[in-house]
Structures are given as C-alpha cells and as structure tokens.
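S.K.: Between the sequences and the hints, there should be enough to build the whole structure, so can you do that?
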Amino acid sequence: MAFITKDLATIRDDLLRDLKNLLPDADISEDSDFYARASSVASVAEGLYQHQSWIVRQIFPDTADSEYLLLHARTRGLSKRAATSAEGISLITGAVGSTLSAGSTIQGDDVSCTTLEDITLTANTGTVKVRASLSGTA
Numbered sequence: 008m009a010f011i012t013k014d015l016a017t018i019r020d021d022l023l024r025d026l027k028n029l030l031p032d033a034d035i036s037e038d039s040d041f042y043a044r045a046s047s048v049a050s051v052a053e054g055l056y057q058h059q060s061w062i063v064r065q066i067f068p069d070t071a072d073s074e075y076l077l078l079h080a081r082t083r084g085l086s087k088r089a090a091t092s093a094e095g096i097s098l099i100t101g102a103v104g105s106t107l108s109a110g111s112t113i114q115g116d117d118v119s120c121t122t123l124e125d126i127t128l129t130a131n132t133g134t135v136k137v138r139a140s141l142s143g144t145a
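So the sequence shown is numbered by the numbering used here: it starts at 8 and just counts up by one.
Note that these hints are calculated values from the structure, not bench results.
Using N, Cα and C, we set each Cβ at its ideal position, and we do this for glycine too.
Mixed in with the good hints, there may be bad ones.
[Unchecked claim] Pair ranges (Cβ atoms, derived):
(1) T129 - G95: 19 to 27 angstroms
(2) N28 - H58: 25 to 33 angstroms
(3) L77 - V103: 52 to 60 angstroms
(4) K136 - R81: 32 to 40 angstroms
M.R.: Right, here's the structure in full:
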C-alpha cells in the first residue's frame, strides 16, 4: 500500500492540534504566532515529503527523470541510441504518367514522410519507398 503524504494544511492542523493538547490556553487562531510557526514548519515538512517522493521515483528506471535514467543505463553498460526514422512503402494515386521525385514530402493528418525514390505512375496507383520526417526512439 502506498504511503499517503500529508499536505501543508493537514500537517499544520496536526501541529496546532498537538500544541492545543499540550497547552490548552494557547492561541492557535490564524493571526497567532503559533499559527505562523506551525505554517512554516508544515511548509518545510511538505517540501521534504515531496523531495522524498521524487527520490523514490529516481530509484526505478521506468519512473526516473531523463538524467537519472541515463545513470541507470550507464550502470548496466547501456548508452542512448540516436533517434531513427521509420521507413516503409506508401501507396500513391494520380494520373497515369505523373511523376513524383525523390525528396518530395507526403503529408497526412498526423504524419509526414519523404519519398526516397523517383516514381512515374504507369497506372492510377503506384508504390514508393518513404521515410518518416520526424525521428523517433530506437
């Protein structure tokens, strides 16, 4: 079960409750000195809880930030690969005799690719090798 950390208001309220139990006559209203001190201590405690949570995320490669992910990889003898671009075949439609030169950009709704070869349509359709315009992970 995950440990639920308290937020600033809860920590402050707990501190003020404990103070009131120890000193029943203590003024713990929002304008009191005790309230200001409890707020500052609660703020520090909340920051420490957040930092601990961040540290725990760095322990595991699947939740670590990029910098710490590289450290995990290095301890396992791994290094980051260069980004790669997907390649494949695209179906082209057009008039017979139309040409599409290598380096032309084909765009769809969410994708863009570049042709890798020249093509002249001998029918209303043809296929051409393409490479994605945006690189992805290896």
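S.K.: Each hint: holds or not?
M.R.: Taking the hints in turn, this is what the structure says about them:
no., hint, in the structure
1, T129 - G95: 19 to 27 angstroms, "holds, 21 angstroms"
2, N28 - H58: 25 to 33 angstroms, "holds, 29 angstroms"
3, L77 - V103: 52 to 60 angstroms, "holds, 53 angstroms"
4, K136 - R81: 32 to 40 angstroms, "holds, 37 angstroms"
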